[in-house]
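> Here's the letter readout for the chains.
There are 2 protein chains.
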Amino acid sequence: MDIKDYINENESRFMDEWFSLLRIPTVSSCAANKPDMEKCAVRWQTLLMEAGFDKAEVMPTAGHPIVYAEKIVDPSFKTILVYGHYDVMPPEPLELWKSNPFEPEVRGGHVWARGADDDKGQSMIQLKAFEYMVRYGHLRYNVKFILEGEEEIGSPNLNTFLKANCRMLYSDIVLVSDTSMLAPDLPSITTGLRGLAYWEIEVTGPNRDLHSGHFGGAVANPINVLCELLAKVIAPDGRITIPHFYDEVDDLSDEERKMLSDIPFDEERYKTAIGVKALRGEVGYSTIERNSCRPSFDICGIWGGYTGEGAKTVLPSKAFAKVSCRLVPRQNHETVARLFVDYMQAMAPDCVSVKVTSLHGGEAYVCPISLPAYRAAEAGFYKAFGRKPLAVRRGGSIPVVSDFEQVLGVKTILMGFGLESNAIHSPNENFSIDIFKKGIEAVVEFYRVLEM
Amino acid sequence: MDIKDYINENESRFMDEWFSLLRIPTVSSCAANKPDMEKCAVRWQTLLMEAGFDKAEVMPTAGHPIVYAEKIVDPSFKTILVYGHYDVMPPEPLELWKSNPFEPEVRGGHVWARGADDDKGQSMIQLKAFEYMVRYGHLRYNVKFILEGEEEIGSPNLNTFLKANCRMLYSDIVLVSDTSMLAPDLPSITTGLRGLAYWEIEVTGPNRDLHSGHFGGAVANPINVLCELLAKVIAPDGRITIPHFYDEVDDLSDEERKMLSDIPFDEERYKTAIGVKALRGEVGYSTIERNSCRPSFDICGIWGGYTGEGAKTVLPSKAFAKVSCRLVPRQNHETVARLFVDYMQAMAPDCVSVKVTSLHGGEAYVCPISLPAYRAAEAGFYKAFGRKPLAVRRGGSIPVVSDFEQVLGVKTILMGFGLESNAIHSPNENFSIDIFKKGIEAVVEFYRVLEM
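If you read the protein sequences in the order shown, they are chains A and B.
Per this note's numbering: the first sequence = residues 589 to 1040.
Per this note's numbering: the second sequence = residues 589 to 1040.
FYI, nobody ran anything at the bench for these hints, they're computed from the structure.
Note that the coordinates shown come from a computational prediction; the quantities given were computed from them, not determined experimentally.
Watch out, some of these pointers could steer you wrong.
Put simply, identical chains are the same to the list, so a pair is met inside one copy or across any two.
[Claimed, not checked] Listed next, the in silico DSS-like pairs over lysine-lysine satisfying Cα-Cα at most 25 Å (straight line):
1. Lys751 to Lys999
2. Lys686 to Lys751
3. Lys943 to Lys820
4. Lys643 to Lys666
5. Lys592 to Lys846
6. Lys943 to Lys859
7. Lys686 to Lys976
8. Lys820 to Lys976
9. Lys999 to Lys666
10. Lys622 to Lys900
One chain only, chain A, in its complex shape (with noise of 0.2 Å):
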């Protein structure tokens, strides 16, 4: 049977198992909803035994617990690791939903729910493409599948367990379906992500605050001080001024600017949409060049003397700052944090004394487009969506990305359809049912003609 055959045959039940999730509330951070969690665990089990795998389970973490599921087609076969997550961000504010979080509705061909599309409704396109190939697609791959519940609030566990069970997951390639594309008709592969390297600094000036009037003018605030340094740490003309920080950043290709330039992109209707009057950023690059491919530098938070209303006159103690660096590919994050504190501290006066603590890391990425997988991903896209799918870089971090590259020394391919008008994380978050058909058509492309 032909794919869109089995899809429209099918169509009723698929719809009712994709609600049967989204009626859970797997909201990862809240303790309540613990129960849920397990109760949307057990489900996923049923429906990936029902879909055709050989075994699935539920397995214990010390946070939410992980689903696993594999069809071992035949052990000399490669081996596809599928993975998504069952749990939810906060439905909050309520008010501003047009309907139940947790009780889908369709209207005007979307489904309107939280998870709808992050990650329930993209994990399913996944359970359905390989449903049809089990049946009626002659899978070449054995399968694996992976479904955890803790991604919403930095999958603090899955790290532990990929190492823990790096036999059972071996494999050769990650698919994932958990990002978006430019446009219902403009496909796009995410293949890049910046890495992240993340501090606190605290500056600590006198033992205890001061009488700014007594000691102002004569003693070294550790709040102006921090303002000193930070402001060092990026030119006038945007560069980072850390010494050797981009000892191992490559230029930009002609070929990649060119890949970049090709993605449609309105900087008035951009500035618009946050509110701003003019952008800023490194001199020579545009605007998707500094927030994908481009390292960042940001001050994420900052503290220090009196906060409250009124005027306190203070000298304060102590100031303290969060900073993070965005990071490109090549860039070692423990170097780069390295660098980062040896720089402050020299840079530092010594009528304070500065700490600086290396609070978290990741490593970039890029799934280099030559890679098979990859492009199978794009005759995917192609056949579903009538387009090839743009190469995109972006500039967040995925986590679980670089976990499966470093535990499992395995390559990702992001095989998103999600569109930035499903709300994800925000209310009335939704999903087309017209990409969702597409996107299981677009896998079970992938599936055929993947050569690896």
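Assemble the complex: chain A is given as a structure, and chain B must be docked to it using the hints.
For chain B alone, kept in the frame of chain A given last:
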């Protein structure tokens, strides 16, 4: 009768009266102490009448009452207005006190209690000097006495009271005992105070918090911009860069610098006391010059973005700071307030909007040492302490001094007898009984030699 004899003869009564005030917990910031404020005001009223005033009243304000007393010896005489306050700072942390803060104890020749110095002890010195003058001293001036109950919370109702009662308070000089000397064997009179200008800054970037991965590098981060702006306000040589900021700042004369350098000052001890390895300030000026006679710029508070536990990436919508300048004589605080607002607006890049609000300000104060009342105070210290007091300028502001100058048009003599070791505002506040007595002698001498 000689003043020394009078003090010796009446010492135990003086102590009883002083202690009766110290036992009333007049913490002006504590709503639960409201009845105690009233009680203490009434107690003062009684003491004032007993000391020899013609009348004494407890006068209501929008906050705690003001006690007012007067003795009109002859309407054609000149008038001295004595100012003090009966409220105190909170005693917390209580566990650090060696005895109950509101049960005065004598140990080692000192009285230990909250308010022992600030300002119940010092106000008592004024009262007892007046009492002696009435009984044995041939009083050649009219004397008015005002005690407020809100000095420690910023005197929110004093200015209004002064304006409403300026005829009643008409005087030729104000005498205040609420400051400190350099050391018991090194008497000093505060002749200058710095002024203040205080602003809040709000920097707004995007219309909501953005994902620092998706936008970082392309959109200006308001915390980064705030740090850049604030870092520019002080040049590497420690000079404030606000245009025209120094236009009205007089450089110190050789004589003034000589007087300042005569003040004993141990820089190593100063650094050790506040726990810093190095000091920092305007190039070309000593520490004492920097913290008392030169203007300063301090960031009193800063906040924005994520300030909780751990690593959260965000490109925030807003960043805030509270900043202040200490000003020196001839700098008008309103002019400086405008200069800073203009400076920030001129420097603000068009990728953010910057709002600067002037919250508060006050003029600097200088008491010319040629003033007859200054010379009389000098003579008083000389007589009681055996040494001519040094004229010192202080870096802080005493708002009531500005109020007296601006509302009543009268200069203030800060004839204070405190010591750094008296621990005002801290646990174990205390006052030396020996200095208490010498203070009375000094004020009596002031009355005797003053020729206005």
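> Would you mind marking each hint as holding or not holding in the structure?
Hints and how they fare:
1. Lys751 to Lys999: Cα proximity of lysine 751 and lysine 999: one copy only (16 Å, versus 78 Å across).
2. Lys686 to Lys751: neither (42 Å within a copy, 59 Å between copies)
3. Lys943 to Lys820: both (17 Å within a copy, 23 Å between copies)
4. Lys643 to Lys666: within (18 Å within a copy, 103 Å between copies)
5. Lys592 to Lys846: For lysine 592 and lysine 846, neither the intra-copy (36 Å) nor the inter-copy (95 Å) Cα distance is at most 25 Å.
6. Lys943 to Lys859: between (37 Å within a copy, 20 Å between copies)
7. Lys686 to Lys976: neither (35 Å within a copy, 81 Å between copies)
8. Lys820 to Lys976: Intra 44 Å, inter 50 Å, cutoff 25 Å: neither.
9. Lys999 to Lys666: within (14 Å within a copy, 93 Å between copies)
10. Lys622 to Lys900: Answer is between; shortest inter-copy Cα gap is 24 Å, intra-copy 45 Å.
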